[in-house]
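These are the residues of each chain, in order.
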Amino acid sequence: MAAQARMRSAKVLLINLGGLGTEITKNLVLSGVGFLSLIDDHIVSEGDLNTQFFLSKDEIGTKRLDSAVNRIQDMNPRVTLTVDTDDFRQKPDSFYGQFDLIIATDVTTEEAIRVNQLTRKFSVPFFLCGLNGLSGFIFVDLVRFDATDEKLQSSIKTPLGALSQNREVVEVTEYLNEEQSKTYERIVTRNLYKPFEQVLKEGTLKGKLTRRQVKRLTNSVPLTFALFSYRNGYAGVTSHDLEQRAIEACVQLGLPSENLKQEYIDQFSQQAGLEFAPVSAVIGGTVAQDVINILGKKQSPLNNFIVLDGISLDMHIFEL
Amino acid sequence: MADASAVRLLGQENYERLRSSRVLLVGAGGIGCELLKNLVLMGFGEIHIVDLDIIDLSNLNRQFLFRQRDIKQAKATTAARAIEHVSNSKLVAHQANIMDVDQFPLAWFSQFSIFFNALDNLEARRYVNQIAQYLRKPLLESGTAGFDGYIQPIIPGATECFDCTTKETPKTFPVCTIRSTPSQPIHCIVWAKNFLFSQLFASSGSVSADEDLGTDNIEEIERIRQETNELHELQELIRLGDKTRINDIFEKVFVKDIEKLLAIEELWKTREKPTPLYNFKFDGTPNKNLNTVWAIQEQINAFVLAIEKLMQRLPSENQIEFDKDDPDTLLFVAAAANIRASIFNLPLKSVFDIKQIAGGIIPAIATTNAIIAGLSSLASLRVLNLLKDQNKANPTELNMAFTAKASNMSNNRYLSNPQLAPPNPRCPVCSIVRGVLTLSQNDFETLRLSDLVNAAQKKYSYSGEVSVLDKSTQRLLADFDFEDLLDKTLAEVNVARGTILLISDEQDSEDGIRAPVELYVEQGESAGIRLPDLEVPLVKTVAAEPDGTNSEEDAFMQGEIIVGDDKNPKKRHLDETSESPAKKALKTEEEHVVILD
Numbered sequence: 001m002a003a004q005a006r007m008r009s010a011k012v013l014l015i016n017l018g019g020l021g022t023e024i025t026k027n028l029v030l031s032g033v034g035f036l037s038l039i040d041d042h043i044v045s046e047g048d049l050n051t052q053f054f055l056s057k058d059e060i061g062t063k064r065l066d067s068a069v070n071r072i073q074d075m076n077p078r079v080t081l082t083v084d085t086d087d088f089r090q091k092p093d094s095f096y097g098q099f100d101l102i103i104a105t106d107v108t109t110e111e112a113i114r115v116n117q118l119t120r121k122f123s124v125p126f127f128l129c130g131l132n133g134l135s136g137f138i139f140v141d142l143v144r145f146d147a148t149d150e151k152l153q154s155s156i157k158t159p160l161g162a163l164s165q166n167r168e169v170v171e172v173t174e175y176l177n178e179e180q181s182k183t184y185e186r187i188v189t190r191n192l193y194k195p196f197e198q199v200l201k202e203g204t205l206k207g208k209l210t211r212r213q214v215k216r217l218t219n220s221v222p223l224t225f226a227l228f229s230y231r232n233g234y235a236g237v238t239s240h241d242l243e244q245r246a247i248e249a250c251v252q253l254g255l256p257s258e259n260l261k262q263e264y265i266d267q268f269s270q271q272a273g274l275e276f277a278p279v280s281a282v283i284g285g286t287v288a289q290d291v292i293n294i295l296g297k298k299q300s301p302l303n304n305f306i307v308l309d310g311i312s313l314d315m316h317i318f319e320l
Numbered sequence: 001m002a003d004a005s006a007v008r009l010l011g012q013e014n015y016e017r018l019r020s021s022r023v024l025l026v027g028a029g030g031i032g033c034e035l036l037k038n039l040v041l042m043g044f045g046e047i048h049i050v051d052l053d054i055i056d057l058s059n060l061n062r063q064f065l066f067r068q069r070d071i072k073q074a075k076a077t078t079a080a081r082a083i084e085h086v087s088n089s090k091l092v093a094h095q096a097n098i099m100d101v102d103q104f105p106l107a108w109f110s111q112f113s114i115f116f117n118a119l120d121n122l123e124a125r126r127y128v129n130q131i132a133q134y135l136r137k138p139l140l141e142s143g144t145a146g147f148d149g150y151i152q153p154i155i156p157g158a159t160e161c162f163d164c165t166t167k168e169t170p171k172t173f174p175v176c177t178i179r180s181t182p183s184q185p186i187h188c189i190v191w192a193k194n195f196l197f198s199q200l201f202a203s204s205g206s207v208s209a210d211e212d213l214g215t216d217n218i219e220e221i222e223r224i225r226q227e228t229n230e231l232h233e234l235q236e237l238i239r240l241g242d243k244t245r246i247n248d249i250f251e252k253v254f255v256k257d258i259e260k261l262l263a264i265e266e267l268w269k270t271r272e273k274p275t276p277l278y279n280f281k282f283d284g285t286p287n288k289n290l291n292t293v294w295a296i297q298e299q300i301n302a303f304v305l306a307i308e309k310l311m312q313r314l315p316s317e318n319q320i321e322f323d324k325d326d327p328d329t330l331l332f333v334a335a336a337a338n339i340r341a342s343i344f345n346l347p348l349k350s351v352f353d354i355k356q357i358a359g360g361i362i363p364a365i366a367t368t369n370a371i372i373a374g375l376s377s378l379a380s381l382r383v384l385n386l387l388k389d390q391n392k393a394n395p396t397e398l399n400m401a402f403t404a405k406a407s408n409m410s411n412n413r414y415l416s417n418p419q420l421a422p423p424n425p426r427c428p429v430c431s432i433v434r435g436v437l438t439l440s441q442n443d444f445e446t447l448r449l450s451d452l453v454n455a456a457q458k459k460y461s462y463s464g465e466v467s468v469l470d471k472s473t474q475r476l477l478a479d480f481d482f483e484d485l486l487d488k489t490l491a492e493v494n495v496a497r498g499t500i501l502l503i504s505d506e507q508d509s510e511d512g513i514r515a516p517v518e519l520y521v522e523q524g525e526s527a528g529i530r531l532p533d534l535e536v537p538l539v540k541t542v543a544a545e546p547d548g549t550n551s552e553e554d555a556f557m558q559g560e561i562i563v564g565d566d567k568n569p570k571k572r573h574l575d576e577t578s579e580s581p582a583k584k585a586l587k588t589e590e591e592h593v594v595i596l597d
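So the protein lines, in turn, are chains A and B.
Each residue of the first sequence is one higher than the last, beginning at 1 in the UniProt record's numbering.
Each residue of the second sequence is one higher than the last, beginning at 1 in the UniProt record's numbering.
These are calculated hints, taken from the structure and not from any lab test.
Predicted model only: the values in this text are computed from it and were never measured.
Hints may contain errors.
Simulated pairs of lysine to aspartate or glutamate, DMTMM-like, Cα-Cα distance not exceeding 20 Å [stated by the list, open to error]:
#1 B:K90 - A:D58
#2 B:K72 - A:D74
#3 A:K215 - B:E397
#4 B:K309 - B:D323
#5 A:K57 - B:E84
#6 B:K392 - A:D266
#7 B:K309 - B:D283
#8 A:K57 - B:D323
#9 A:K261 - B:D323
Rough simulated footprint, nothing fancy, chain B against chain A, three-plus residues with beta-carbon under 8 Å [unchecked claim]:
#10 37-50
#11 114-124
#12 217-225
#13 251-261
#14 287-298
Derived CB-CB ranges, DEER-like [to be verified]:
#15 B:N291 - A:T82: 27 to 33 Å
#16 A:K151 - B:N291: 25 to 31 Å
#17 A:V188 - B:V539: 58 to 64 Å
Cβ atoms here follow ideal geometry from the backbone N, Cα and C, with glycine treated the same way.
Only chain A is shown next, with the shape it has when bound in the complex:
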């Protein structure tokens, strides 16, 4: 299995082992990724204990990675695990060039932009994800990725050409499945991506959603976007300030700001950056599933932004 072999030789870097990082680590280690590097300089706090399961009560005050490493390795001895308790922000640029894929969790907007600049520099696929209490998001920048999907041929052949802003069918080959004696198509879809910084500046949903979709769109989307505008963390978030930024986000995204609901604004202002185990599980599972998919070079990857609304369980994929 070529996909398995690629998985086993892949080098993945995960930044920060918080609740979300823990979920992603668990999933990647179980799946048999070849080399997983973890970088995290945090100390175990009481708060970690209800978002993480690689730590235990008597380890408060020790370095998170030092405490977790044995439990992680124990899940799958065949994964080569590297732990680094340095501050990822202090690492030289070249550090980021040694990986096949980088995942950043629990970082500020400013930090995300910088890491993404470096992943672009080295053409390394990049995942950014984070949690805001009952909500969570994923941003993906694979630079350029050709995905191969196989499907039963329908009456109309799949045409070449653009599917959407970021996706284009570049190749279609037919082949016969002899066991079922049916014709299949092997479709190569080219996915183009934009860096995080550009998406923050220019990303919009104008013309990409139907009126019905706009009307029903969860407030989690503009509010997640509004939280990105706090470039260095969420210390100064108030409900009123967030509302102003959410209105600006609505303008940029092309969403009607009158749809913003006070209860959502309050929820996001109180829960900015807050980790919660079930949401970690959903976002961490989704990221890991897509990472495994990409390393195996299989089906169409996520492109390029996802927000989960943990109340309605709404989870759309947007091309920004």
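We have chain A already, so just place chain B on it with the hints.
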């Protein structure tokens, strides 16, 4: 403060409710391990975990609480132990079958505020669903198969229950394809597992009259029936444990039966003829590599070894069920399927491939389980009304969720999240009036079935004859022309704690017919038949419309529905069109689902 994040999310008051809640998790497998971790981290006060299984090597790549050293240990207790280091919850593990009514009587279930199903089989899912209906407790149902997964909150009386929509009916092939004219390897695997294995090692009746044989050839139908009965005789042979007879079994299955098939010339006019396996011999060297396709001699050797082992086991186990994780049964099925495939000039498969197909499993995916367990635990907060500053949602405002992108149903939705539908008024499970009948231990020995029938007639105003069906076993106990059991005691007709009785009106009076009543039989202290107070409506009988649209409903009202009988999906009167697209897309891991690779 250790629980600061949960308090910020839920508010102090709700958080304290969470801390004092007791919840039930059924299943400690792929979804169960993930769910247990989530429930512990969320801080539920007390969590009971029920699972009968022990840990198998093949679980380790996705059930993250289990390690190599835990193999052959109980899943429930091992999972609880493995998460203890971060737990502030009281964890209670039960290595047991959730359907064991002695260990888990109805009253036991009533201590929980919610049930989480993390199960891999329909039978237990239906069982917990039914218990939830009796106790009016919310149930969070979930399932995964490969990259597909779903969660569905079930609020009894207010939203669809597990049985309100038809579940994916098992993929079936016409009997004649399986028994006479296989044309794909899968047909041989189905034959080996569902026919040969079950005939030889599990008790199983002869071909029933209404089975779809898929052929009108009288000669062939006769042959199929004869073959079934002969195989049953072979089972007797196997029970004697005489290994010298293995030769006879082999010759019967792979030579004589094939010769009989060849004699039906009609079958081979358009098909390639099979070749009986003459001159077989056993030379004893097995191949241990489960990943390669073996030579025919190696298949024969494996077949003989497996049958020897199963013969040894049969006297003590009485009957053996196929289990893909039971190596003896797997090897038997794999070898038999391959020998048959070779006789019909079809490609052979490795044991590993056959395990996948015969187990009806698409490989389980760890990430799908993680996502689904995350959604299940998340959705429970809204069901239990534990979210801060959120008004209590109407049940039909709650959402279910299923994987949309991974299931190739959408490009721009990772999840689809339709709101819960109201109960299906024709659901054979949740539309029925139900209650609990508590009897003393002595009552079972002294009360007669007729006492119960008379009491029910009086209590629920049935105007005339009623029928009584034991739903647990699908046995008819009494109806207007079957009165043989009426004088027997309840114990004699096997009515016991946990029995579910369906009482239906047989009398079609002018006013209409009385709706059926379902009674859960519980054992308690108080003696005598005290039927629960229930409102049993009178249902107008509607004359069947010329186009027959009401025929389904009429059949239902007469209580002719067979529930929980997967082998006979045709008898289920569920409205196909009411099935949501979500359900249609789902392939939960049912026993008989066969997925081609």
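Here's how the hints hold up against the structure:
1. Between K90 (chain B) and D58 (chain A), the direct Cα distance comes to roughly 18 Å. Compliance with the 20 Å bound is thereby established for this hinted pair.
2. Taken as a hint, the K72 (chain B) and D74 (chain A) pair is honoured in the structure, with Cα atoms around 18 Å apart against an allowance of 20 Å.
3. Restraint check: the Cα-Cα separation between K215 (chain A) and E397 (chain B) comes to about 17 Å, which is no more than 20 Å; the hinted pair holds.
4. Of the supplied pair hints, the one linking K309 (chain B) and D323 (chain B) holds, its CA atoms being roughly 15 Å apart against a limit of 20 Å.
5. Taking the CA atoms of K57 (chain A) and E84 (chain B), the gap is near 10 Å; set against the 20 Å cutoff, the hint holds.
6. Proximity of K392 (chain B) to D266 (chain A) is assessed by CA-CA distance (about 18 Å); at most 20 Å being required, the pair is judged to hold.
7. Pair hint K309 (chain B) plus D283 (chain B) holds up; C-alpha atoms about 17 Å apart against a cutoff of 20 Å.
8. Between K57 (chain A) and D323 (chain B), the direct Cα distance comes to roughly 40 Å. Violation of the 20 Å bound is thereby established for this hinted pair.
9. This hinted pair does not check out: K261 (chain A) and D323 (chain B) have alpha carbons roughly 53 Å apart, beyond 20 Å.
10. For a cut-off of 8 Å, the count of residues in the stretch 37-50 of chain A with a CB near a CB of chain B stands at 4, and the three-residue condition holds.
11. Only when three residues or more bring their CB closer than 8 Å to a CB of chain B does the claim for the stretch 114-124 of chain A stand; here the count is 0, and the claim is violated.
12. Residues of the stretch 217-225 of chain A lying with their CB closer than 8 Å to a CB of chain B number 0, which falls below the three-residue condition for coverage.
13. Remark: the stretch 251-261 of chain A is not confirmed as covered by chain B, as 0 of its residues place a Cβ nearer than 8 Å to a Cβ of that chain, below the required three.
14. For the stretch 287-298 of chain A, the stated coverage by chain B is satisfied: 3 residues place a CB nearer than 8 Å to a CB of that chain, which reaches the threshold of 3.
15. Separation of N291 (chain B) from T82 (chain A) is about 31 Å and conforms to the stated range, judged on CB atoms against 27 to 33 Å.
16. Separation of K151 (chain A) from N291 (chain B) is about 28 Å and conforms to the stated range, judged on CB atoms against 25 to 31 Å.
17. Take V188 (chain A) and V539 (chain B): their Cβ atoms lie about 59 Å apart, and the range 58 to 64 Å holds.
When each numbered hint is compared with the structure, violations occur for hints 8, 9, 11, 12 and 13.
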